[in-house]
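**Q** Sequence:
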Amino acid sequence: MYECLTIQQGDSGGPLLCRKQRTGEQEGSKDDGEIWYVAGIVSWGIKCAHPRLPGVYAYVPKFVPWIHEQIHEYQRPTYSNPIISQFPLQIFTKVVEYEPAVNEVEVTVLNRSICNSWLEHRDLNVTEGMLCAGFEEGGKDACQGDSGGPLLCRKQRTGEQEGSKDDGEIWYVAGIVSWGIKCAHPRLPGVYAYVPKFVPWIHEQMSLYND
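For the sequence shown, position 168 matches number 168 in full-length UniProt numbering, and the numbering has no gaps at all.
Don't take every hint at face value.
Unchecked claim - With a cut-off of at most 20 Å between alpha-carbon atoms, the simulated DMTMM-like pairs for lysine to aspartate or glutamate come out as follows: (1) Lys182 with Asp146; (2) Lys197 with Asp11; (3) Lys182 with Glu104; (4) Lys47 with Asp146; (5) Lys182 with Asp11; (6) Lys182 with Glu106; (7) Lys140 with Glu104; (8) Lys182 with Glu137; (9) Lys182 with Asp141; (10) Lys155 with Glu106.
Hints listed in this document are in silico derivations from the structure and should not be mistaken for laboratory results.
All chains, full assembly: derive it from the sequences and hints.
**A** Here it is in structure tokens:
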């Protein structure tokens with residue numbers, strides 16, 4: 001018997017965990033009991049928990065050989081590993097590969113209240129841990145296959161002294177592509193994880209790997 005735990009909106013990249021009964025080699029051995037394993041990774045879906053609208057997940061067992069290959073080659077001291085760019089993405093019923101070139105699009109970051117007013121009729125909500133970007137008329141957006149990609153924002157930086165090497169622009173990661181309804185449709189902005197809210201947690205996780 002298998003039992004799975006699933007998740008909801010805003011959880012792209014999260015695990016679908018399944019549980020099954022495990023029996024040891026001998027009755028009463030320490031291996032008797034339940035085991036949990038990652039069966040899927042949240043990919044996409046339409047709305048949340050609506051009738052006949054199931055969530056769709058990347059099927060992890062299909063990619064186990066690729067995962068083993070990447071883990072074997074992983075460079076832990078630097079964390080400089082182009083894993084995502086090599087991952088074959090499953091969309092609907094066919095497998096496609098990422099384009100070798102990285103594409104970009106300029107979108108406008110919107111006030112959270114505007115996003116919620118546009119999405120209200122779909123029973124969706126942009127929370128404090130999210131931000132959204134796009135245009136009322138649509139036309140530009142992140143789309144399927146972009147989950148986990150960065151929303152980069154630019155601001156002017158001024159050095160301590162005029163003409164110093166620190167003068168100019170700086171780019172920072174404001175968001176991570178999370179979810180959306182369709183792509184580039186009017187009044188359906190893309191929704192991103194709001195990175196500044198999670199900076200303390202990010203620092204905490206990074207500190208776990210400091211020597």
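**Q** Hint by hint, say whether it matches the structure.
**A** Verification of the supplied hints:
Straight-line distance between C-alpha atoms of Lys182 and Asp146 comes to about 13 Å, which keeps the hinted pair within the 20 Å bound. Among the hinted pairs, Lys197 with Asp11 is consistent with the structure: their alpha-carbon atoms are about 16 Å apart, no more than 20 Å. Distance check on the hinted pair: Lys182 and Glu104 sit about 18 Å apart at the alpha-carbon level, within 20 Å; holds. Annotation: proposed proximity of Lys47 to Asp146 holds, straight-line Cα distance about 18 Å (limit 20 Å).
For the suggested pair Lys182 and Asp11, the alpha carbons sit about 17 Å apart, so the restraint of at most 20 Å is met. Distance check on the hinted pair: Lys182 and Glu106 sit about 18 Å apart at the alpha-carbon level, within 20 Å; holds. Distance check on the hinted pair: Lys140 and Glu104 sit about 10 Å apart at the alpha-carbon level, within 20 Å; holds. Among the hinted pairs, Lys182 with Glu137 is consistent with the structure: their alpha-carbon atoms are about 14 Å apart, no more than 20 Å.
Restraint check for Lys182 and Asp141: satisfied, since their Cα atoms lie roughly 10 Å apart, inside the 20 Å limit. Restraint check for Lys155 and Glu106: satisfied, since their Cα atoms lie roughly 14 Å apart, inside the 20 Å limit.
When held up to the earlier numbered hints, the structure conflicts with none and fits them all.
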